[in-house]
Amino acid sequence: MPPSLTRGRAYYVTACQQLLALAVVVAALTPATGIVRLDVVPSAPSAQTITISPMASVRHDDALVPTAPVDAVVHEYPLAGPGADDARTVTGRHGVVRLVGAPQPVSGYGAVGVTWEHGEDLPEDALGLQARTRTGGTWSSWTALDYDPDHAPDPDTREGRHARPGTEPLFVGHVDEVQVRVEAPAGATGTRALPDDLRMAVVDPGHATSETTERPAIDTATLDGTSDTATAAAADTDARPGVTPKPQIFSRAQWGADESMRDKPSLHYGEVHAGFVHHTVNANDYTRAEVPGIIRSIYAYHVRSKGWSDIGYNFLVDRFGRIWEGRYGGVDRPVVGAHTLGYNDDAFAMSAIGNYEIARPSQAIISAYGALFAWKLSLHGVDAASTRQRVAGRTFQAINGHRDAGQTACPGRYLYARLPDIRRLAAADQASWAARDLRTDLVQSAHPDLVARRTSDHHIVLVPNHGLSAVRAPRLVSSDWGRYDGVVGSTDLTGDGVPDLVGVRATGAVEVRPGGQDGVYPRSGSVVQATRGSDLVAAPGDVDGDGHADLVSRDSASGALVLARGAGDGTFTETSLGGDWSRFALLAGSGDVDGDGHPDLVARASDGSMWLARGTGSGFAEPTRLPSARGPWDVVAPAGDWNHDGHPDLFVRKKGAHAFVLPNLGDGTFGHRIGPIKRLRDRAGLATVPVTSGAAGGSVDVISLDGSDLRVLANKGGYESGAAVDTGIGAKNAVALLDAGDWDGDGHGDVLLVDRRGRAKVRLGDGAGHFGPLQRIGGGFAHMRTLDVVGDVTGDGLPDLMGQPMGGDVRIWPGRGTERLGASYVAHSAVSGGSLLGVGLWNGDGAPDVMVRDGDQLSLYPGNGPGGIMTPSKVGLDLGPYDRLVGVSSVRPNGHADLVARERSTGDLWLFEGRPGSLAPRHYLADGGDYDLID
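Start counting the sequence shown at 308; every next residue gets the next number (our numbering).
Read the hints as simulated data drawn from the structure, not as lab findings.
Quick caveat: nothing in here was measured; it's all calculated off a predicted structure.
Glycine included, every Cβ here is placed at the ideal spot set by N, Cα and C.
Just so you know, not all the hints are guaranteed correct.
No more than 25 angstroms apart at the CA atoms, straight line, and that leaves these computed lysine to aspartate or glutamate pairs for DMTMM-like [what the hints assert, rightly or not]: (1) 1039 <-> 792; (2) 1023 <-> 1234; (3) 1023 <-> 948; (4) 961 <-> 941; (5) 1039 <-> 1062; (6) 962 <-> 748.
Simulated DEER-style distance windows between Cβ atoms [what the hints assert, rightly or not]: (7) 1077 <-> 1210: 27 to 37 angstroms; (8) 375 <-> 720: 21 to 31 angstroms; (9) 961 <-> 802: 52 to 62 angstroms; (10) 876 <-> 1054: 45 to 55 angstroms; (11) 1115 <-> 462: 30 to 40 angstroms.
All chains should be modelled from the sequences, with the hints used to inform the complete structure.
Right, dumping it as C-alpha cells:
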C-alpha cells in the first residue's frame, strides 16, 4: 500500500480517538442518568472473564421518533468527467494518482460516501478514500472512508445486478462543507488508475415535522407471522414457559422510513441457518435522538447511492441497546438482506451503530445481540450454540462475525472479541422448540397417537401408538457357552424367582443355567442336568399345573414328545407323552395361546407351516394348523405379552431378514406381524427369555449365542399400537378431523374439527383420552383444497394451521390456543397435488416441514421458519397402495418425524420411519378399522 494511504488511515484512527476522548470528557460533565461511558482503548482486547447479565435485564428504552415518514435527501456530485466541479487529478510521488473533489455543502446531521461504476469490484486496499469537513473557516484533518467489498447484495439478485460498489457512509455531523479525495496506484504507463463514474454522495437525513416519545412498536411476542411489518403496540407480557423470550424492536416507521424509496419487487425470502454480527463504522458519540436520522442516512445511501433495494442489514442496534428493524419484510421472516456477500440467502445480520475497531461496545449492545439472536435463530430452528451450520456450502457457527465470512475487519476487533459472550447469552436464553413439532400424545401412550372418526357411529376414536418394536445393542454377558449348540429361555426353573436359560448340547443333553437378578448368565451355582437324547427343547411353563415350570423335548430316536416335570429346584422327572413329532423342525413354548388357562406349544413343520398343540392340563392335544402364522421362519420363540394386550405372542425371524412378532388375537390365532425388529438379521442362535432388563412387564429380551459368546439384546419396550379408544364424542358434522398437537400449550394433545359451514373448532384434551367442549377459533374453511396442523411455524410456542383454498396459494393461519386464529398469510405459491400434510420436524433442522401428495408421488417442502416453505424435493415412496397419509412426531429419538399411511385394500395402518430425503421400510402399526376420517 502507498505510504500516503497508510498515513490516511492513521489520521482517521487518531482523529476518531480524539473525538471519543472528548466524548468521554463531556460524559463525565453530564448527569449520569442515561449516559453510556465509552472508553478509548488502543490496546488489544483483554482475555479476562466477563460477567454477563441475564437476558431478562435488557431494557427497552423509549425513543424520540418521527410521527410520519421523513425523506432523507442524497446529493450526488461527480468526482471526475463531465459535471465534476473543480475536481483535480494529479500524479504524486510514489506512483500515486490522487483525485480531490470540490467542497460541497452539508445539511442536517450529514453523512458522506463515495461510489463508482457497477462491475468495478475492487479489493479492499485498492483505493485510499478520505474525507474532511469545514466548520466556519476551519478545515478538519483528513479521515478515512471505510470500503468493504463484502458489504453487498449477492451479484445474481435483482438488486445485485444494479448495485454500485462504494464506501460505508461516514457521519460528519453538523458541518458546513465536506470534501473527499481518492488515491490509487498509477497504471504502468502513468495513466490514471481510478474506477469510472466516481461520485461523492452527501446525505441529509431529513427533518421530522413532528416527533413523539414511544416504546418499541414491534413486540415480537404478539407477531402473527404476517409478511408486513408488525406495528402492534409493545406490551409487558411474561414469556410463555419453554419459549425463547421475545425482544421488542423499534419499527421502520419509528425511524421514519420512506417506504416509497425501496425497490418493492426485490423483496424476497430465503433461509436462516446462521446470524452475522456487523458494525456500521461511523462515529460512536451519537445521541439517542440522532439514531433515527443515522438509520435514515444509511437507508438513503444504500438505496439512492449504492443502488440497493433497501437498507442492507436486517436489524440495527444502537449503543444504548435499542434494537431497530432494518430491511423491510417482517422481523420474523427470513428476509434476504445485503450484508454478507455470498451468504445473504442463508443468514441474517444485525449491525451495531458505531465503529468497534476503535471503541469497546457497551454491555447494552452485547445484551441486545444475545436477546435478538436467541429469538431470531430459535424462530428458524437453529440452536444458538451450534458450531456446525451449513451456510451457502460452508460450515459456520450459528453466531459469527462478518470477518468469519470474508477478508474484512468488520465488526471491529472489540465487538468481535465479545462474540463468545453473545453466543453464551443467546444459548442461555434460547428455549427448546419441541413445541414446534406435532405433539400428538392423546391417550397416555408416551408416543404420537392417531385420531379417527368411526364410520358406523361417527365417534371420535383414538389409535394409541406405543413406539416401535426394537431391541438395544447387544451386551456380552458370558463367554462360557461353547459346548452348546443352542439355548432356550425359560421362566424360573430353579426356585429363585429369576428367569433361567437352558443349554442344549449336540448329544441331546440339556442343562439348566441359573439366571442372575441383572440378567447375567450363568449365576454362580451348579449346572443342573435335565434330559438326554433330545433334539428339540421348549419351555412352555407349568404344563401339569403343579406350580412349577416344566420343559418339553422331542425324543430324537422315536419322535415322541417328552415332558420334563419341574420340581422347582432345577431337577426334573421325565414322562413320555407319545405321538409322532418327527415332521416338525422347530418347537416353542408359546404360553396360553387359546386362553383356556393351559400353556400351549407352537411347532413349525419342515414345509414352513405352523401348528398349535393346545395344552390339556396334563399334556398336549394333537397339533392343528395355524394358517395365520405361516412363514419361512428359522427362529420361532415365545415373545411373552409383547404388545401388552394380555395375550402371549410369538417371536419369529426369517434367515437373513429382520425379526418380527406375531400378535396373539386371544382366540388361538395370530394377527398381522409387528416389526421389523432390527439388529437381528444375521445373528446366530437367537432365543428369547422373559424380560430382565426393566422394560414394561410381560415381554421378553432377545438372546444370541455365537460360538462361546452369549449376548443379550434388551427389549426397548415399544410395541406399535394398542387397542383403539372410543372417546364417546360424536363428530357427525365434521368435514375435517385433525390432531391439533398441544394446541393450547397445556402439555396435552388436542383435536381440531372443521364443520360443514367451514367453522374451525377445537376440543382440548387431558392426555388421558378425554376431551372438553367445542370452542370455536375461526371460520372460512368451507372451500379448502387441503388443511392440516403443521406444528409451530410462527415460533410462538403454539401449533398453526396450513392449508390451500380452492384456486389459491398455500397459507398459514397462526394458532393462538383458544383465541381466534391469527390473520392468514401466504406461505408458498399454489402447489399441485391433492393433499398437504404437516410432518413436523421431518429433516431435523428445527423448522416444521410439510409434505404434498401429487398422485402417487410425495414431495417434501422444508420449512424455513416464519414465511412458509421452500423448494420441494421428492420423497421415495410409492403412494399407489395408500389412500391416506398422516404426519406424526418421531417415535424414535432421532430428530426426524415419521409418516403413517393407510392401505387402500385393507385399511391397515403402516408407519414409515422418516429419514432426511427418504423413508425407511414400513412397520405394521394397526388394523385401520372402519374409519372415514383419520389424522
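Consistency of the hints with the structure:
no., hint, verdict
1, 1039 <-> 792, "61 angstroms, violated"
2, 1023 <-> 1234, "23 angstroms, holds"
3, 1023 <-> 948, "14 angstroms, holds"
4, 961 <-> 941, "5 angstroms, holds"
5, 1039 <-> 1062, "9 angstroms, holds"
6, 962 <-> 748, "36 angstroms, violated"
7, 1077 <-> 1210: 27 to 37 angstroms, "30 angstroms, holds"
8, 375 <-> 720: 21 to 31 angstroms, "40 angstroms, violated"
9, 961 <-> 802: 52 to 62 angstroms, "37 angstroms, violated"
10, 876 <-> 1054: 45 to 55 angstroms, "51 angstroms, holds"
11, 1115 <-> 462: 30 to 40 angstroms, "35 angstroms, holds"
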